[in-house]
Amino acid sequence: MHCAPPFWSQWTRYDMSEAAPSPPAIRTIDVVKVFDGGLVRALDGVTMTVGRGEFVAVMGPSGSGKSTLLHLVAALDVPTSGTIIVSGRDLRSAGNERFRRTEVGLVFQLHNLLPHLNALENVEIAMFSNGLRYAQQRERARELLEAVGLAAKEKMTPPRLSGGERQRLAIARALANRPSIILADEPTGSLDSTAADRILALVRRIREERGVTIMLVTHDLHVAGAADRIMYMRDGRIVEDGAAAPHPPDRGGVAQDMRE
Amino acid sequence: MSFAALIARNVFTRKLRSSLTGFAVAIGIMTVVALGVLTHSLRQTAISVLRTGQADFTVAQKGVSDVLYSALDDSQVATIRSYPGEESVVGVLIAAVKLDANHPFFLELGMPPDQLAPFGVQVLSGTVYDANATDQIMLGYRAANDLHKTVGDPITVDTADFHIVGIYSVGNIFGDSASMLPLTTLQGLERKPGSVTLAFVKVKPGTDIPALRAKIEKDNPALATVRSESDFGRVDRNLGLLSAANVATTILALVIGAIGVMNTTVMSVFERTREFGVLRAVGWTRARLVGLVVGEAVLISLAGAAVGLAMGYVAIRLIERVPEVVGVLQPDYPVSIFGRALGIAFGMAFIGAIYHALRAALLEPMDALRHE
Numbered sequence: 001m002h003c004a005p006p007f008w009s010q011w012t013r014y015d016m017s018e019a020a021p022s023p024p025a026i027r028t029i030d031v032v033k034v035f036d037g038g039l040v041r042a043l044d045g046v047t048m049t050v051g052r053g054e055f056v057a058v059m060g061p062s063g064s065g066k067s068t069l070l071h072l073v074a075a076l077d078v079p080t081s082g083t084i085i086v087s088g089r090d091l092r093s094a095g096n097e098r099f100r101r102t103e104v105g106l107v108f109q110l111h112n113l114l115p116h117l118n119a120l121e122n123v124e125i126a127m128f129s130n131g132l133r134y135a136q137q138r139e140r141a142r143e144l145l146e147a148v149g150l151a152a153k154e155k156m157t158p159p160r161l162s163g164g165e166r167q168r169l170a171i172a173r174a175l176a177n178r179p180s181i182i183l184a185d186e187p188t189g190s191l192d193s194t195a196a197d198r199i200l201a202l203v204r205r206i207r208e209e210r211g212v213t214i215m216l217v218t219h220d221l222h223v224a225g226a227a228d229r230i231m232y233m234r235d236g237r238i239v240e241d242g243a244a245a246p247h248p249p250d251r252g253g254v255a256q257d258m259r260e
Numbered sequence: 001m002s003f004a005a006l007i008a009r010n011v012f013t014r015k016l017r018s019s020l021t022g023f024a025v026a027i028g029i030m031t032v033v034a035l036g037v038l039t040h041s042l043r044q045t046a047i048s049v050l051r052t053g054q055a056d057f058t059v060a061q062k063g064v065s066d067v068l069y070s071a072l073d074d075s076q077v078a079t080i081r082s083y084p085g086e087e088s089v090v091g092v093l094i095a096a097v098k099l100d101a102n103h104p105f106f107l108e109l110g111m112p113p114d115q116l117a118p119f120g121v122q123v124l125s126g127t128v129y130d131a132n133a134t135d136q137i138m139l140g141y142r143a144a145n146d147l148h149k150t151v152g153d154p155i156t157v158d159t160a161d162f163h164i165v166g167i168y169s170v171g172n173i174f175g176d177s178a179s180m181l182p183l184t185t186l187q188g189l190e191r192k193p194g195s196v197t198l199a200f201v202k203v204k205p206g207t208d209i210p211a212l213r214a215k216i217e218k219d220n221p222a223l224a225t226v227r228s229e230s231d232f233g234r235v236d237r238n239l240g241l242l243s244a245a246n247v248a249t250t251i252l253a254l255v256i257g258a259i260g261v262m263n264t265t266v267m268s269v270f271e272r273t274r275e276f277g278v279l280r281a282v283g284w285t286r287a288r289l290v291g292l293v294v295g296e297a298v299l300i301s302l303a304g305a306a307v308g309l310a311m312g313y314v315a316i317r318l319i320e321r322v323p324e325v326v327g328v329l330q331p332d333y334p335v336s337i338f339g340r341a342l343g344i345a346f347g348m349a350f351i352g353a354i355y356h357a358l359r360a361a362l363l364e365p366m367d368a369l370r371h372e
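Protein sequences, first through last, are from chains A and B.
Residues in the first sequence are numbered from 1 upward in steps of one, following this note's numbering.
Residues in the second sequence are numbered from 1 upward in steps of one, following this note's numbering.
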């Protein structure tokens with residue numbers, strides 16, 4: 001039986017087999033972020049690079065700065081100092097609304113879905129201003145819901161969906177504008193292990209078929225193990241950065257931090 | 001989902017709040033419409049008095065509180081008659097009396113019988129009254145139909161007994177709903193010997209009417225000439241005051257409605273800050289967010305305006321039945337009043353929503369997302 005390829009396999013903006021080096025998807029240089037007039041130093045000189053198509057997990061204890069880093073990369077906030085370059089674009093320049101709409105897809109721990117809109121409409125609202133006609137938006141939203149396994153629930157509102165389904169819906173919304181980067185903040189944080197595994201499998205499938213860059217913040221070693229690379233943060237700094245292992249080794253301070 | 005559908009969905013989702021805000025707008029619009037229609041209709045009724053004679057213009061005493069209180073004496077009418085270019089000048093005494101409970105505002109027009117033809121009176125049945133008859137009266141055909149009277153029937157008007165000698169038409173609803181009797185008879189009944197209320201002037205073809213009016217007013221500072229609706233305030237201050245009250249009410253309605261919309265918008269923006277943060281996070285522009293908030297306010301206001309228009313119509317129909325205004329008020333619903341109501345609804349929405357919409361849009365996405 002012939003099966004049509006998933007729609008995102010048709011996106012060929014990046015050729016992952018290309019041997020020539022390409023600029024990184026994400027690059028931060030000595031990024032500092034302080035809150036409360038300098039009382040809280042959330043990021044303390046973070047310099048890191050994420051390659052195109054790479055799947056990076058960011059781990060660390062609460063207050064280590066991992067979510068702050070993600071928000072800065074998503075242009076939801078601005079650094080106190082330092083440089084952030086995403087998809088070749090310095091985020092200090094103007095026009096970050098368009099950047100958020102076209103370059104990155106965001107997934108939050110608490111979904112942040114609109115409860116009075118149904119699943120289909122929650123995906124569609126992310127496509128306003130992207131130049132698509134209404135019928136095209138609806139068609140793409142349906143494709144995305146099918147891709148995340150929610151085609152049968154397109155008329156259901158978020159309160160009637162399970163936690164895992166809501167997160168899959170949030171992922172569908174993040175993919176609505178065909179971003180090159182997915183930024184996920186604790187996407188499995190509020191899910192049971194079964195639902196978390198399904199989300200993880202979905203993220204990996206999207207990454208493999210689409211080749212998008214994924215930066216995922218998590219507390220969960222199991223989730224982080226699905227990534228190519230794990231960056232470990234503590235006190236606003238990246239203290240470890242290395243390839244992930246299926247069964248993460250005891251990282252000393254890391255294991256202690258996670259137990260905390 | 002289209003942007004417009006999202007606006008409608010957001011409004012519909014918050015039914016109670018949207019309904020209460022819409023109702024506040026509706027009350028404001030109802031007031032504006034009812035008072036607007038009332039003022040306009042009263043103005044039209046008053047204008048009808050001046051147009052009864054099919055004259056080119058009317059001369060009245062300047063600055064009286066009500067046009068029916070205008071008083072011109074014989075010498076003033078004679079002076080008006082002396083200007084060249086006039087075809088006829090008919091001095092008419094107008095009195096308003098209560099006929100019965102159903103006819104609290106019944107007009108008597110007093111004029112000499114030889115002036116009836118220049119005034120445009122067409123006798124439909126019977127004959128005209130005698131110049132000095134004290135018991136003869138003519139009824140306009142609308143009044144005759146309304147009172148179920150015909151030629152030869154007796155009628156008592158304000159304690160005076162008459163018998164009807166003729167039924168007439170002047171081609172004007174106001175005049176055809178009134179009565180006519182000899183000028184001297186009405187002057188005696190009203191104790192206004194040698195006095196008329198208005199002088200109706202018809203000019204010869206080719207006469208420069210503005211120049212003639214200007215000359216009459218210049219030579220007679222106590223008189224004012226009226227040709228159009230806009231002139232009317234010069235001879236009827238009551239209507240001018242009513243118009244001013246109408247403007248004041250419109251402004252008040254706008255302010256009260258805007259405060260209602262503002263109250264709703266501020267609560268909505270406060271409660272939905274996180275939602276707005278999500279929309280900004282998925283790439284919504286500030287302008288689109290402002291459009292969403294203002295669009296919701298506009299939709300609520302327009303719905304309130306629709307209800308307010310209906311309520312205003314019902315209010316006017318109820319006012320029509322009040323005995324004191326039966327016969328005075330013939331409701332007229334000009335398009336301008338509905339246009340004004342729509343304008344006010346837009347104004348309420350825009351004024352009430354724009355500030356908080358801008359506040360919502362100016363929030364940084366992360367600040368909005370952190371909002372609890």
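The hints are simulated quantities; they were obtained by calculation from the structure and are not laboratory data.
Beta carbons: idealized from backbone N, C-alpha and C, even for Gly.
Do not rely on the hints blindly, as some may be mistaken.
Okay, the calculated beta carbon distance ranges per label pair [to be verified]: (1) B:336 - A:156: 22 to 30 Å; (2) B:259 - A:143: 43 to 51 Å; (3) A:204 - B:9: 21 to 29 Å; (4) B:48 - A:134: 31 to 39 Å; (5) B:248 - A:143: 56 to 64 Å; (6) B:15 - A:143: 32 to 40 Å; (7) A:190 - B:19: 31 to 39 Å; (8) B:8 - A:243: 16 to 24 Å; (9) B:19 - A:156: 24 to 32 Å; (10) A:209 - B:256: 13 to 21 Å; (11) A:81 - B:9: 36 to 44 Å; (12) B:310 - A:88: 28 to 36 Å; (13) A:98 - B:332: 51 to 59 Å.
Evaluated hints:
Distance hint for residue 336 of chain B and residue 156 of chain A: a CB-CB separation of about 49 Å, inconsistent with the stated range 22 to 30 Å. Remark: the range hint 43 to 51 Å for residue 259 of chain B to residue 143 of chain A is upheld by a beta-carbon distance near 46 Å. Checked against the hint of 21 to 29 Å, the C-beta distance between residue 204 of chain A and residue 9 of chain B comes to roughly 35 Å, which is inconsistent with it. Look at residue 48 of chain B against residue 134 of chain A: about 54 Å separates their beta carbons, and that is not inside 31 to 39 Å.
Distance hint check: the CB atoms of residue 248 of chain B and residue 143 of chain A are about 59 Å apart, consistent with the given range 56 to 64 Å. Range check, residue 15 of chain B to residue 143 of chain A: about 33 Å between beta-carbon atoms, so the 32 to 40 Å window is met. For residue 190 of chain A and residue 19 of chain B, the hinted distance range of 31 to 39 Å is satisfied, since their beta carbons lie about 35 Å from each other. Roughly 51 Å separates the CB atoms of residue 8 of chain B and residue 243 of chain A, a value that falls outside the hinted 16 to 24 Å.
For residue 19 of chain B and residue 156 of chain A, the Cβ-Cβ distance of about 26 Å falls inside the hinted range of 24 to 32 Å, so the restraint holds. Taking the beta carbon of each, residue 209 of chain A and residue 256 of chain B are about 58 Å apart, not inside 13 to 21 Å as hinted. In this structure the supplied range 36 to 44 Å holds for residue 81 of chain A paired with residue 9 of chain B, their Cβ-Cβ distance being about 42 Å. Taking the beta carbon of each, residue 310 of chain B and residue 88 of chain A are about 59 Å apart, not inside 28 to 36 Å as hinted.
The beta-carbon spacing between residue 98 of chain A and residue 332 of chain B, approximately 54 Å, falls within the hinted interval of 51 to 59 Å.
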